[in-house]
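Student: Make one complex out of these two single chains by using the hints.
Each chain, written out:
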Amino acid sequence: MNASTAWEELVSAALVGTDRRPVPGGSAPETELLERAAVHTLRMRAGQRLAGGEPLSVAPAEEQPVVSRAAADRLGRILGGERPRLLAEWLETAAGRGYRVSPHLLPELLDQGARDRSIRPHLGVLAGHRGRWLAGLNPAWDFLLQEVTAVASAASDDAREVWEFGTSGDRRAHLGAVRSADPAGARQLLAKTWEKEAPEDRAAFLEVLAAGLSPDDEPFLEAALDDRRREVRHQAADLLTRLPDSRLGRRMAGRVTRYLTVEGGGIQVTPPVVCDAAMERDGIRAKPPRGTGERGWWLQQAVARTPLGVWTRLLGRPPAELVRMEIADWGREVMAGWVRAAVLQGDPEWARELFAWDPLADLLAALPGAEQESLAADFVRRHGLDGQLIMVLGGAAAPWGAHLTRAVLQKILEVSGTQPWNLGELTRLAGERIDPALYGVAERLSPEPPIQEVAALLRFRDDMLKELA
Amino acid sequence: MIERWNRDQVLALAPDTSSAKAAQGVSSPGKWSGIGATADALWGECKGSGSTPYRACVDLSEPAYRCSCPSRKFPCKHALGLLLLWSADGVPAADEPADWVAEWLEQRRERAVKATARAAEAEAPRAAGTGADPAESRRAGQREQRVAAGLSELERWLADQVRQGLAGSRRHDHWDDLARRLVDAQAPAVAGALARLSSVLSGEDWPARLLGEYALLHLLCVAHRRLPEVVGEARDGVDTGLLQRVRERVGFPVTKEEVLAGETVRDVWDVLGRRDEEHDRLIARRVWLRGRNTGRAALVLSFAPVGQALDASLVTGTALDADLAFYPGTSPLRALVATRHGGAPAAPAPGSTPQEVLEEVAGALAGDPWADSWPVVLDAVTPAGNGSWSLGDSSGGLALHPSAGTPWRLIAASGGHPLTVAAEWTPRGLRPLTTWDEEGRVIVL
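Just so you know, the protein sequences line up as chains G and E, in that order.
When we follow the UniProt record's numbering, the leftmost residue of the first sequence carries the number 1, and every step to the right adds one.
When we follow the UniProt record's numbering, the leftmost residue of the second sequence carries the number 1, and every step to the right adds one.
Keep in mind the hints are simulated off the structure, nothing from the lab.
Among the hints, erroneous ones may be present.
Calculated pairs, DSSO-like style, for lysine-lysine (alpha carbon to alpha carbon, straight line, at most 30 Å) [unchecked claim]:
{"hint": "1", "chain 1": "E", "residue 1": "Lys31", "chain 2": "E", "residue 2": "Lys47"}
{"hint": "2", "chain 1": "G", "residue 1": "Lys466", "chain 2": "E", "residue 2": "Lys114"}
{"hint": "3", "chain 1": "E", "residue 1": "Lys256", "chain 2": "E", "residue 2": "Lys114"}
{"hint": "4", "chain 1": "E", "residue 1": "Lys21", "chain 2": "E", "residue 2": "Lys31"}
{"hint": "5", "chain 1": "G", "residue 1": "Lys466", "chain 2": "E", "residue 2": "Lys31"}
{"hint": "6", "chain 1": "E", "residue 1": "Lys21", "chain 2": "G", "residue 2": "Lys466"}
{"hint": "7", "chain 1": "E", "residue 1": "Lys21", "chain 2": "E", "residue 2": "Lys47"}
What you are looking at is a predicted structure, and each value in this text was computed from that prediction instead of being measured.
If we strip away everything but chain E, and leave its shape as in the complex, we get (with noise of 0.2 Å):
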């Protein structure tokens, strides 16, 4: 059986504030027939504009959506309803699902089995060492040779705005010419980092930040060009994962297909919080998690142009057994949920000091030096405030981000109190996302 979301798990599922707000429009039980819940599934009918209702079902244990309704958001905002509907307890238990949710669920069940088996045959030809083809291999090439020639360029121009000074930098199209190039030269991570420097423009320390951004990105130029001869020279037993961070940040695709292949942790993961962020109408969604028992941080990455789908299959304050899969890299972060064994119960995610959590982020930093977010769990931490807001013990607190305000919510929660608190950490402070209150009941920050 799962246990019912609250009301801000579920809106916090939804893709944008304004499907938030019609799902509430359409959450009364006086809008529904033919409503019904099972241990994991929950669907119902809907008067709409036409003759016949929409037919909404969601599947709740991993969870998934459908609607017969037009609406290209997901989930829409009548499987939001449905579930707006069933977190205030408005949803009878039935024994079986309705005939149509029966059947949606056989098909979601076929569709599981089919994608394993194509798993398996993908991965067949990779373990016996079957050699590409020599067409996919000039590609990789020429693929190659562009993006190093891109990084050249974007390691010259940064030498060139060092050299004459950043000052005439401040525009927020300053970049935007380079980055298409290094979209051309296939390094699109780049691309995507040069496109996001206009934020480090406001605020007085600007020239402080974009100094930090360039020397990172030069680093990066440095480390792609010379660590192939690095791992080359080295001996046996020399890890490569550092090699493939490099070629992550710089944007060389690794396909599902070789994630999933690859090795997977199987734990309860806490899922800590989430957060949107759009950029030239793509939305990507970050989805952190930590394993429960493995203390393993994760992140589940999405994107979408605003308006679509996008991931909502993680549920803020819930917990899962799954495996994982990692991508590749020295510390990895980012993973794609490979399988699911079910859900279980939600608690409180377990948590470390403020001094273990700085120590934690200082390993991630080494093995990846272009981290600039990470899912920390605080045990026993009350919000202290002089001036700026932070979050901490007698030991001392770790600053909140500048976004993050006032944490009045956190604040009122806590009452002077310690709590649990999970949050985002970044260089320029912590993101609150979630704590749980004295009866262990989520609260989405």
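One chain only, chain G, in its complex shape (with noise of 0.2 Å):
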């Protein structure tokens, strides 16, 4: 009999007691088992062996530099609760440098990363080998595997072999890569292999195409407004949108046309009375969201997708004057179509005089940044402190400058004499937004708490930044 054999028997007998299994030897049965117990126990314990586990395979060495220890105790920090909302900064500023994270923090960050999409692509890059190597153990965090690479980012000798066998997202960063370099061989390295591409991978890979836009793309894209899937015509009509003479665009002028003219110093409205195949073709939906009429909304739509150059010429005044006209009936909708026109063709002319007439945070992002800085500051300094001034703060692209940093710490200065308890959102947008490294205009500005919290923010960035450099 085996030792383990003899432990099961004994503990069995002790289960259902020696009186009714007795333990032969010994003085008392149940003292035989107790001692017997013992001395097994302290065997096993004592006795121990090495047991042979299946080894991990090795992580491959990394190539990336791994941030400071600075850098490393600041993201724990974070991750451990402190100032959270700062994780994304954190992680776009240390993988848009190139970085790689300390090993340890990766089951923290990768875990982030499973509850929290947006940081993903940071993740990509900063978890590095021993990332995807620690991917490849968990379930939980192979979303790491479809994230672009540091090194497929840094388009390396293989490349062919990225674009073939590379993850989705480090090819979406190959085909990136390409496009920056040669537009019409990016447009040809995707035309070849475009019928066998997922449907979700065609319309990322579209998106890309965005970038060195020309003339030349008019014929894949309008190929594409046929495709099977949704989001590739959406994604190809947005792109012919934005494309100066596009068959779309005449399309779409020819059909405004006969919805809009001019009579009497006001614009007159006709909107159309059906949704046909080719208007569904270039993008139109017919199907309205709840509570939308169905003839504004394909109005608008079709004001949306017509090249903003179009109303000049058909209606013979300038978009200053446009948007200032008179608008029988189906104004709201028309404005809304000029709008997203406006913000889907980056047209600052137009997104100008649109924000003079509504102030909103899309139209501010589609202006150069010099611009988008002093209007917001305008409007901070007109406007009280609501949802809309959050909004367009939200709309100037960061970080904030000198300028709008002064009038928003003003209008913090202001409100917290008055209203202090709706000061949170402001605060902490503040502090978010504006260049860390003007946190001594802050700190000098004025000793009242939520200022203060501003600048302690802004320290905390602009050190983290500089950990980071």
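Tutor: Here you go:
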């Protein structure tokens, strides 16, 4: 009888009791059993042997530099709950500079990535080979294997291999790299494999063509309007709208000629009565969202997809006049269409005029950086603290310069005297968007707690960015 | 100069997770004024809800903490927040401590001198061999009788259990009455061991584990009953260590003074890690140490009611040059820090192979059959997985404790490469405590 069988017999005898199942030997069966069990237990504990485990594969050597110890400590602090909203900025900055994170922080970061999609692209770079190796061990982290790696984005020699065998993220990055060097080459590369690509990849690849878009891309995009997948058709229509003289643009211009005319100093509107197959092919969705009328919905989309240059020709007025003209009945839909068009086509002239009429954050984002700042600063000075102010500021690209910074800090100071309980969102936004190098401006401005709070946040970010230099 | 501790090392000093969280709330520079640090002290004033700020300071050499806030937690969130700020390099260096800090440091130094003097005084009569007073020896005699009676009841009870069968004992309060009677019988350590048995019931193999625990308790009762005669009969030169070990496991108290008066061992002690265990609103904190030159294992144990001060004077991943006084016994592990001579540069602790670790554990069990944990340092080991996780090298590995789960942090730090890992050995497997990355940085697991 071997040791483990002997032990099992002792255990089962103890379980039913020695009254019913006596253990032979010794003076009393119960004492005998306890003594044998003691010997056995100690033999097990003291006589342990080494077990053979399946060794892990060895993670490949890293190519990227690891972040400094101070930077890793700060990441640990943020992950530990100190200023958690800065996690994305830390990750984006570190990834942008090609770093990788210290390995022991990876499990926590990958757990965050499993919950929060928005940080995954940064993790693709920061995780390094060790991160991918870990993701191979834990299915909850396998999202990482789809993300762009630092190695791929560094445009390596075996580029062809990346395009043929890389993750979808790596292939996207590769296409982007080719596009920036040789726009036509990128289009041809994509055209070759187009039919075999998965539908969700096709939409993502089209997005890459937005960079360096030119009339040469038109035939390819026009063909994509017949794709099976709606996202692909939609993306193609968006891009064609941005081409100044595309066939789609001309078709749209032809349509809107029937809808909008100038009569007696105002704009008369006759919205479409049907949405035909040709309109749908050009990216107009037939089914309106709940609560919106069909005709107004079709009108708004047609206006949004019409090249903005068309309007001056068609209606004989510059944008500045058009946005101020009386529009009969359908004014809201036409304006909404123009706003969407200005954002989609990135037209600063239209965006400027429309922003003066309705200060929308999206319009602000379509303007050059310096202009965004001065418009936003004017708006902050003229406007009370409300949801719209926060939205407009959200549209101004970070980091905010000195001009906008002063306007916002001044607003915070004003409001802190009258309604300090309303300041939470504005101080957070200020702390996160102001150029952190300006922390001294905030520190010196006033000892008021909300201002000092902004200053502390800016200083934290300034230190953080310096550590990642 | 004390090397700055990292964030994990600081947070490991917190009495509980809510303190750790609160500390992070007061660790930003904006909350503090008048902060500064010298080579071995750290101080600052933190704005609280009242009009006067709280004054917090830390004596890094010990470390010891003080704060004027009313919190009963120790170290409080202000002291921890200050340490976090220091850890993030946010405390400017100063030549001299602020006045109120200097005063506190001076008081501490005076108290330390007095304590040494008192200890020497207390030792004098013992060294002179003066006898104990009669009342005390009568009380001691009564206690011996009570303990003996309590243990013989336990011995009978265990025998009854085995005679009638363990099948009926699967209730969480099954041991409560008996444990209470053992407390009355002044055998608190056995009572505690009994009260902890309910944790054995989780898991399919509970009959085997329960039998193992009963068997070791039986062994303790028998040992306590028979050892005095064995030791008494034995001739000169017989070690009385095992007797003392048995008495410690039963719960006979050994006073701090007695321990400090005994033999001390000076070494550079690596603080391997700690584990807090809560039972009946009482927290037991185990801090594991290893001597860098002697290779000796040590355990500094402290107890406190939930939410109250635990010993926070040993920082995971640091090293200290100190005299340790060990509790008596054959395989002494539990110790007190008798004298600190200063800090020592932190570095990965010297480790052993998995086979050597097994031999060391066997040796420890030979000296103390009831030992259920032991600090070990494994050198050049990698995590290995095969259904369950283990830690080892090409010769084989030691299983991890089920509560360790998948040790992702350790796996990530390793990347399949060998590491030095400090762990707590237990009969059910290793609990990883600490490792060091390629730059020698401490990683608390």
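Student: Now look at each hint and say whether the structure bears it out.
Tutor: Status of the hints after comparison with the structure:
A hinted pair counts as satisfied when its Cα atoms are at most 30 Å apart, and lysine 31 of chain E with lysine 47 of chain E qualifies at roughly 6 Å. For the proposed pair lysine 466 of chain G and lysine 114 of chain E, the alpha carbon gap of about 49 Å is over 30 Å, so the pair is violated. Distance hint between lysine 256 of chain E and lysine 114 of chain E is fulfilled; the C-alpha atoms sit about 16 Å from each other, no more than 30 Å. Restraint check for lysine 21 of chain E and lysine 31 of chain E: the C-alpha separation of about 16 Å stays at or below 30 Å, so the hint holds.
Of the supplied pair hints, the one linking lysine 466 of chain G and lysine 31 of chain E holds, its CA atoms being roughly 22 Å apart against a limit of 30 Å. As the CA atoms of lysine 21 of chain E and lysine 466 of chain G are separated by approximately 26 Å, the hinted pair is consistent with the 30 Å bound. With a C-alpha separation of about 17 Å, the suggested pair lysine 21 of chain E and lysine 47 of chain E falls inside the 30 Å cut-off, and the hint holds.
Hint compliance for this structure: hint 2 alone is broken.
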